[in-house]
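Chain L is fixed; fit chain W with the ligands onto it per the hints.
As a plain string of letters, each chain reads:
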Amino acid sequence: MIAYINNQPYEYQQGETILNFVKRIQGEKSIPTLCDAPNLKPTGSCRICSVEVALKQGGPTKTVASCHTPIMEGSYIYPNSDSVQKLRKNIIELVLTDHPLECLTCEVNGNCELQDVAARVGIREVRYPQGANHLHRQKDLSHPYMTSDLSKCINCYRCVRACDEVQGQFVLSMAGRGFDAHIIKGMDESFFASDCVSCGACAQACPTSAISDVFQSKSIVDADKTRTVCTYCGVGCNLEVSHRGDKVISIRAPYDAAVNGGHTCLKGRYAFKFYDHPDRLTDPLIKRNGQFEKVSWDEAYNYITDKLNHYKNTTGPDSIAGISSSRCTNEENYLMQKFFRAVLHTNNIDGCARICHSPTALGMQRTFGTGAATNSVSGIQHTDCIMVIGANPTAAHPVTGAKIKQFAMKSDKTLIVIDPRRTELAKYATYHLALRPGTNVAVLNMMMYYIVTEGLTDDDFIRVRTEGYDDFLNKIKALDVDKMEAISGVDKDWVREAAIAYATADAAMSFHGLGVTEHSQGTFAVMQIANLAMMTGNIGRKGVGVNPLRGQNNVQGAADMGVQPHQGAGYLDVTNADIQAKYRAFYGVDVPTEVGYKIPEMFDAAIAGQLKAIWIIGEDVVQTDPNTQKVIKALENTELVIVQELFITETAKYADVILPGASFLEKSGTFTNGERRVQRVNQVVQPIGNTKADGQIIVEMMNRMGYAQPDYTPDGMLEEISQIVPFFAGIKWEELGINGKQWPVGKDGKDTQILHTDSFKRGKGYFEFHPFEETREIKNNGQEYPYILTTNRDLEHYNCGAMTRRTGNVEILGEDVLWIHPDDAAAKGIKDGDMVCLQSPRGKVDIKAHLTEDVNPGILSTTFHFPEIMVNNITSDEHCSEALCPEYKVVAVKIRKSKGKFKTLV
Amino acid sequence: MSENLSNLSFRKGIVDNLFEKMGDAAQHDGTPSKEELAALAEEFLIGKATTYGATTFYDFMKPENRGKKVYVCNGTACVCAGKQNAVQEKLQQHFKKEEIGHITCLGRCHENGAFQYDGQNYSGDSADISKIITKKPAGRDNYHVEALGNPVLTTNFSMQEAQELLSNALQKSRDQLLDEIINSGLRGRGGAGFPMGIKLKSCKEEASDLKFIICNADEGDPGAYSDRYLLEQQPYAVLFGMIIAGYITGADWGVLYIRAEYPDAVTITKQAIEALRQADLLGFDILGHKNFNFDFKIIKAQGAYICGEETALINSIEGQRPEVRTRPPFPTQQGLFLKPTVVNNVETLAALPFIIKNGGTAYAKMGTERSKGTKLISLDSFFNKPGIYEVEMGTKLATVIEKLGGGFKSPVKAMQIGGPLGGIVPIEKIPDLTIDFESFAKEGFLLGHASIVCIPKDFPMINFLTHLMDFAQYESCGKCFPCRLGTKRAHEMLEKALYDNYKIDKALFDDLLTTLKEGSLCAHGGGIPLPVRNAMQYFEEELAGYFVNL
Ligand SMILES: Cc1cc2nc3c(=O)[nH]c(=O)nc-3n(C[C@H](O)[C@H](O)[C@H](O)COP(=O)(O)O)c2cc1C
Ligand code: SF4
Ligand code: SF4
Ligand code: SF4
Ligand code: SF4
Ligand code: FES
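Residue numbers (the working numbering), protein chains in the order written: chain L, 1 to 906; chain W, 907 to 1456.
Just chain L, with the same shape it has in the complex (with noise of 0.2 Å):
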């Protein structure tokens, strides 16, 4: 396939356009254009990419738009003659008519891609006449984040393609037509009243300020940048980070970030600026008479050394405990869990992913032998149906969210939601099988029953690559689906017709989430959406698989580093006696050899006096775990409470030492995300004030406590790691490269995008009948409290909000509210702004009522962000029976309308 440049012959590759054709010979610059852009479809809007086009060496040649015209076998393209090369100044010289020419005063001065493309183009008059124009147009300022300035637009629609393509909002559009062709934002509203989720990618995409954002993020005036990964969520989003020495001005997304491609959500873009707000803790504190006294570090560790020393010694390892957190990097988590193994001699170390994907990880193990994704994001653009369960990402994973939204939109393509609330996804989807909270595995098993009774399991797979099918299979067959149908509320035709879907796609993929593991059944839910992919064939393959949507940045990490109280770094177990003696090896040190204590348990065990010092690294239990109250006298009745934080967290309140600890912008190391890809995390700024790198406080007390252990750098931390933990093997921190690596890392540095491809990592896939079994919330104490509460979280704000509330993401959302249906609120007078009061047998709180039809009679929902609500303190203390993740999802209440008076019940 040849086509000519200035009658040079090149070969051109199948579907490409001239565009792209020409800049990959010729270099990114050889063709100026305006509406086209990295991430989005060509429109043609501009007409400056125009080039000519012969048919044959010196024949008559038409001038077309390279960007969206493909090649013709043997063209002659002519991508800089005379007249397109006029053409181009001609049109530019037109669009500066309606344009303020202040480029000196303007935000963007300098990075500008029509004063780049003018100048390129020589313009150097504009020779109409003064005619009509924008220039009027009003700034809008009225959004915390997104601000537009349109007299400065040029109508390259590359914000509202954004908003379509990128974000799938539909926000943005144009009104009017011809010269009188506007942007608008909704119904020509402002950014704050229109319905924006603030991703920012039409700021990014717009060429011009004409939408930008109040931290300028175009402008690049003595900006130094630093790329490195978000700190948010398990979507692992790459971010591009500007700074003036110490200052962090603003963020933009790379577009060659395979995570996410030019795209992020507002929380890694916009909230940044937690990290140098006043409340962030800059000293150590110890507690005395009841008062946080700042302290040297110094002071602060041998306040702890001796404290440990002493507990270590008198009441044993095991009477100490840590939390260590998913916020943190691979790195500083791995010296975390080796600090308690190796320092202190206890395997009580667990970390938040007990109280999210627990069940996931043990669930897969039990079905793969693997307890992570078993495929990629990307996987997205090869499947044919997706599955999402218990899961809201267009909220808590949103740059995944909006791709399956893409998806959804597609109409050859099916999505399945199954979640007792219409979400956004919802919305979209082919079904929404909208289930009482509580019965996923009802519904699970139903879809394999009707998988079955059509005839449309993949026995080859079944045969070949898994075992206990026949018993799992009497099982299934035996299933009352009547019933199933009566106590899950789901219409069976619909589960069937959706069950037939998923079976009979070419891939089918699932992403599951937090209303999938926290429940009593959690990880028998995880097995069964494992099973339902199996017995279909949908694994081992691009665009299939039982993907889990990993809750915050790095707890995918944090397991892999062995914060979990059964396995060590590298999930091995830690009562084998083999695997003992792998360790003690390697630390130079004996090694403990019972389990240790789970998060609950370690609450249980403060509360029964066995607990006397426990430490937890960025996690607010008392706001986030279930049963508040029951939190507080734990941690109340722990003698040596040792909180590191970013801030005096509701937990930090009850600490006895706080250790400052730095955030994500101050340090280096990795984050591992929700699909295994181990990222490289680069320091941006210096830890602010006192603080240290988390993983840096972690070896001096090490050291302190008589351990060598080198100072924290993550190169070198690394190299540590790989050595112990098999699926880093060959994980380097020079070869991570700008898009990471995907665990399993074989020595010769290989990554892996899809697990079980031959064969599971168990041998075979095992099966496993769970029969549903209804939790002892409802069974206890459904008859006196007849509303099922649900909580979930937003899209603004990261669970407790500790971050989130200290940026300007509380001027969009500022308060938790309770999702009520409108004929449950009718029921008890209750309209929409009034105050409701829940109550559990645990307590009560109140909470502003919100009417919607998005949840079905008889349950309710809300989110845990604000400390001025604090839900947990009516969530209850059932657990998953396996993993012990506790049961968020299901909180018996009963309601009534309040005046409020339980608003500051802590």
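Errors might be hidden in some of the hints.
[Unchecked claim] Taking beta-carbon pairs under 7 Å as the criterion, some of the chain W residues facing chain L (in silico):
1. SER908
2. LYS940
3. THR956
4. ARG972
5. PHE1387
Simulated from the structure, these hints should not be mistaken for lab results. Remember, predicted model here, so these are calculated numbers, not experimental data. Just so you know, even glycine gets a beta-carbon here, dropped at the ideal spot from N, CA and C.
Same frame as chain L, but now just chain W with the ligands:
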């Protein structure tokens, strides 16, 4: 255009159609309320900006249309005829100024003085306005219809004939019928002259469970009313053509996109469709042909010239802003709702009864080497016998003017032929032209849809150009930079030259026209320089005073 919006609109499809719902919502007030637009956005999951942005595009849905009660035609023929001021004045006796809107060409070019009131068109003698306002009589009009030779399009084609011809035709295979059409050499009558057979073939070859045949009945060219004639007087011919196209390509749906300016055409076509349905010629397994399903949907447009452009038209039906799409993909590959779609002009489709009945070769016998068959010509009120005339391709223009039209009523200096993007033909060029694509192209004009609008001798060319460019800028979709900005600036300069004693820099104006022609995405911006250049060439002397260095 947005693929996501196409797909989301497709969820409710052509039956529960988004664009139609927008139009309905505009009924009561002239523009949909924000609540209605928000509800539609929620129903279709497409965002409020989408519904609002789309409706603001159309003359009959945009917020400025609120409260309009009557619309005065400002099409070229009516403007040249000079009757509109009187109509406007008369209407002002009955309506407040803000209740009177504009409408561009009601297809009453043969008698002018046109206006639309309460969904009905009126024209001709404007003395009757007060009677019209009070009684709302049917606004019928009369014009000559005549064929010079063998009538193909102007012969009556009844429902019975349609039925018979259809059952005969369906005896033949899809390929046999396609071959007839390919052999006929029939080229599109909407302006571009693309061979219909090739379009059908490429659509037929696409694998898809759903395909569409669209009849482009958005005849927007001021001065043209031949499509109006066909829809109102030969609806079965058009519908028959669509059914055959559906049979050949495997399309299930025929969509007629009819402009709001032709209310009678909507009513009559609807009735004809009902008659076909009564006769069991629509629906599933038509005439016992397993798997041949076909049905019709009429979409009433909402006032935007660019919707005649086929990709804008498709966007319009989807409820998107009717901006022009890039090609490829062509509509035959990804058209309405991204499904394979054939878009044909009314007149192109109306030729199929003849071709199917008499064979492609019989049709190809008529016309010239490269322009086969017959063509309808619309003559405006400057002719002694205004009306619709059918001539064989290759017929002398002079014959049409003299013999059929009976010559001009009053002195004419030029004609704009083929709509606003068609050339300005000075009368001295009449002898050089024959009615076919090649002759017009060779002489630097455009046959287009073949409407003829006369420019009276005393009508200043600068006024004409200003009017033309006003139309061009007003109707530009605004998607591409050259046309959005260029037509506006061109209009501003012409207006300034006309009213402000301003002289246009010829070099700048030339650059502007070249930019429009070479740079525009579609033939709207790309085509408008043609008549302007014609005028500058043939009326150089008259225009010289408005330019520096013309
Ligand atoms: C600005 C513009 C306006 C158009 N208006 C019409 C129109 O009113 N009716 C029409 O049939 N075609 C119109 N067309 C041509 C259509 O895009 C398309 O070519 C035609 O409908 C194809 O049908 P045909 O092949 O039967 O001619 C227009 C094109 C342009 C660029
Ligand atoms: S910030 Fe995101 S959601 Fe908001 S308008 Fe821009 S692209 Fe759309
Ligand atoms: S706001 Fe920016 S991106 Fe949007 S059309 Fe205007 S210039 Fe283009
Ligand atoms: S919070 Fe998640 S989706 Fe948002 S930018 Fe950070 S990693 Fe990406
Ligand atoms: S030439 Fe005009 S009408 Fe055509 S796409 Fe461009 S702006 Fe729209
Ligand atoms: S870059 Fe091709 S038209 Fe704008």
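Cross-check of the supplied hints:
Because the smallest distance between the Cβ of SER908/W and any Cβ of chain L comes to about 5 Å, under 7 Å, the interface hint for this residue holds. The interface hint given for LYS940/W is met, as the beta carbon of that residue sits about 6 Å from the closest beta carbon of chain L, less than 7 Å. At a threshold of 7 Å, the smallest CB-CB gap from THR956/W to chain L is about 5 Å, leaving the interface hint in force. Annotation: interface hint on ARG972/W violated; nearest CB of chain L at approximately 15 Å, more than 7 Å.
Because the smallest distance between the Cβ of PHE1387/W and any Cβ of chain L comes to about 5 Å, under 7 Å, the interface hint for this residue holds.
When each numbered hint is compared with the structure, a violation occurs for hint 4 only.
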